[in-house]
Amino acid sequence: MTDKGCSSCDQTMERLHSYVDRELNDFEMAEVRKHLDDCPPCEQHFEFNLQVKRLVHTKGCPEKAPRALVEKILANFRQA
Amino acid sequence: MDTMLLDRVAPGAVEGLALAAMSQQPAPAATPEFDFEAAVAENIDALYRGALRMTRKPEEAEDLVQETCLRAYRFQHQFQPGTNFKAWLFKIQTNLFRSRYRKQYNSPQSLDDTEEFYLYQHLGADVQPAEDPAANVLDKLGVEEVRKAIEDLPPAYRETVLLTDVEGFSYKETAEILGVPVGTVMSRLHRGRQRLQQRLYEYAKESGVVE
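Protein sequences, first through last, are from chains P and V.
The opening position of the first sequence corresponds to residue 1 in the working numbering, with each subsequent residue numbered one higher.
The opening position of the second sequence corresponds to residue 81 in the working numbering, with each subsequent residue numbered one higher.
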């Protein structure tokens, strides 16, 4: 991103979501990893995106189902 | 790496997850070894948090989860043991949500392309290179800001982000649950996350986390 015109940076940024989500094949994962190891600006972007994903994971839905709801559902099964 | 978040198996290994059970194909009856009740009980929290973000109202979320579980009970013979039960439940809940909230779901909901890495660009502008602006600000964002940012996403984007980022489903599983191509999952995630970053930045400003 900061290295404008660098095809390796462009390619890495295009794959960043898939890399964060571990959706690339082994070869592509290794390719992106190698670039990130050599490119601090891209590595920072990756870390940031991973942190946003983690934030959504940990703080996005902290609620648990009310106990009464769980009991009601299981009671329904037994009565059905 | 966050092991809790990224503890999914490697991409290649999920190929074997037979999501065929969610298709229209007739499935064999549940075998005695599969404890349906226990499997539902294990997933009620996940169904509920998803329902809560989608309906935005506790009472409606409870109702949606209850109906989802009832349907799962009625159609349990269609579930194929050994396949992904959580994905099967989420598909039922997703379809139920769409039919109940058809108007809301079908209203225009495309997101404009915003700046890529919005939050990062905005946070990175005024800080010294030695600092880690992301960690500082993200750590300060609370449950309320993150919840609002998610709930602000149009339903089609919201459900995609929730399934992948909160529940940890793969693109393929998410596509199967939502009944859309994998490419659609990817583009909705991309746009959804852009919007999410934009909102998080706005809420961070409102709450004084950033100036």
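Keep in mind that the hints are not guaranteed to be accurate.
Distance condition first, Cα-Cα at most 30 Å in a straight line; then the derived BS3-like pairs of lysine-lysine [to be verified]:
no.: 1; chain 1: P; residue 1: Lys59; chain 2: V; residue 2: Lys166
no.: 2; chain 1: V; residue 1: Lys166; chain 2: V; residue 2: Lys228
no.: 3; chain 1: P; residue 1: Lys59; chain 2: V; residue 2: Lys252
Bear in mind the hints are in silico, worked out from the structure with no lab data behind them.
Now the hints, each set against the structure:
no.	hint	verdict
1	P:Lys59 to V:Lys166	holds (21 Å)
2	V:Lys166 to V:Lys228	holds (25 Å)
3	P:Lys59 to V:Lys252	holds (24 Å)
Hint compliance for this structure: no hint is broken.
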